[in-house]
Amino acid sequence: MTKLEAKNIVKNFGHNGYKLKALDNVNLKIEDGDFVCLVGPSGCGKSTFLRIVAGLDTPDGGEILFDGKPVTSTGPERILVFQEGALFPWLKVRDNVEFGLKIAGIPKDEREQISNRYLEMMQLTKFANSYTFQLSTGMKQRVAIARALAMDPDVLLMDEPFASLDAQTRDLLLVELQLIWEKTKKTIVFVTHNVAEAVVLGNKVIVMKHRPTSVKKEISIDYKRPRLTEDENLLKFQKEIISELRPEVTEKSSSE
Amino acid sequence: MAKYLGKKIAFYVILVAVWQVVAMADIWPNTIFPSPSEVAEDLAYGAADGSLFYGIATSMWRLIVGLSIAIAGGVVLGIFMARVEIVNQTIGSLVLGLQSIPSIAWVPIAILWFGLTDSGIIFVTAIGAIFAVTINTYTGVKNIDPNYIAAARNMGAKGSQLVTYVLIPAAFPYMISGFKQGWAFAWRGVIGAELLFSFLGLGFLLNVGRQLNDVSQVIAIMIVIMGMGILIDGFVFKRIENKVMYRWGLR
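One line per chain: the protein sequences are U and W, in this order.
According to the working numbering, the stretch in the first sequence is residues 315 to 570, in order.
According to the working numbering, the stretch in the second sequence is residues 45 to 295, in order.
Covered, in the sense of this in silico footprint (three residues per stretch, anywhere, with C-beta under 8 Å from a C-beta of chain W), are these stretches of chain U:
hint: 1; stretch: 394-407
hint: 2; stretch: 415-426
hint: 3; stretch: 439-451
Result set (PhoX-like, lysine-lysine): computed pairs, CA atoms no more than 25 Å apart in a straight line:
hint: 4; chain 1: W; residue 1: Lys-287; chain 2: U; residue 2: Lys-416
hint: 5; chain 1: U; residue 1: Lys-406; chain 2: W; residue 2: Lys-202
hint: 6; chain 1: W; residue 1: Lys-282; chain 2: U; residue 2: Lys-406
hint: 7; chain 1: U; residue 1: Lys-550; chain 2: U; residue 2: Lys-530
hint: 8; chain 1: U; residue 1: Lys-383; chain 2: W; residue 2: Lys-202
hint: 9; chain 1: W; residue 1: Lys-202; chain 2: U; residue 2: Lys-422
hint: 10; chain 1: U; residue 1: Lys-416; chain 2: W; residue 2: Lys-202
hint: 11; chain 1: U; residue 1: Lys-440; chain 2: W; residue 2: Lys-287
Derived coverage of chain W by chain U (criterion: at least 3 residues anywhere in the stretch with Cβ under 8 Å from a Cβ of chain U; other residues may be distant):
hint: 12; stretch: 189-196
hint: 13; stretch: 211-219
Hint data in this document are derived by calculation from the structure and do not stem from the laboratory.
Please read these numbers as outputs of a predicted model, since none were measured by experiment.
Where is the CB? At the ideal position from N, CA and C, for every residue including glycine.
With these hints in hand, go ahead and build the complete structure from the sequences.
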């Protein structure tokens, strides 16, 4: 069943009368329970697309359909995990995880049950009462993921959440995210410019063109899980994606 | 801070000792330059008959009411200015202008509007502090990481929830500096207004000292005003500030 569908999404950015076309007719379908990675040169508008899906930005043309219904605003069924986590520094880890539940008016004991579950899943139980500045970058991203999962969204939108992590922490989280996906059966849309990351995570990798961005190619990755970054069998997928991506990156550097 | 406590105490002991020595040298008559022991005597006298505590209580009460009004009003105004551009362009420009008026300059209009009453003094106090709170709140809200707001909206926060759960706590490090500035302006405003209104409070006691030609009372009250300032800054605002800074990992 189609969970998310993007139909002819267009987005322009205006700047002093100069118009920049960021997204040009992006069309894609994402099935329920799928793990999709969007790969493209950095600055190509992937994040913009994700924000439109989340309802945080409105497209200048086209529409996003969620379960067949057009998306007009943000909704708890589509939760975005930000690149830098966007955790609230004035709240403890537990209160960060419970934020959306509190907004929704869920009573305290129930909130606590839910946050306990996800804190445990993300191995954060010990840090429940810490403030975010006391955590490493990797820990922060765990909190961000726990906070998103606590909302129990249908779709998890992830905007380069591992971009600022060191390699070891990233490898660890790449495996964990696969396990979470298998456990929770969420639909995940994961934006990255890192090809290795995309092939480890995605059932499907969608290669995006450089500005104006649209879908260039969809590549299915049929391979057992959990996948590891160093697995050589994944290299052929990486090569295929890189050969699609290279002309886009070249175009980017020549246009800049 | 504790590291310097000993040196701090030594500094004040030396300061008072030098003062005492200069006073005892009889360069000026003690009606112009009293000794610290005379000032202390005056303080003790004021404490004994209760007039000092009554003065402190009156001034503090006016400060608390005035500052509370300034904080409540300033926070609301600052948030509106930051979030609604038309409010910023209109009221915002007026706020910047009004901020340049010293609180004392509001005294004449306060007397005309409220008469020689508590309300008049509280008005001067509040108006002296409100714009500092407003401008700092405005800056704080403007500087909020847009991702905090986006994340909160994504999780369903809107309207008043967005204000109470995100805008205010996210802007709080700036707001607390606004409160600190506001408090300093308010304290000056109270004392200044009391001097001119000459209607109870520490400022009034200063005036009484002048009328009685009692320099040691004037100095004693000035020391009390300073002491209250140090106390409130250290015990109220410094504490809140430290707590906020700690949470944010800024200290």
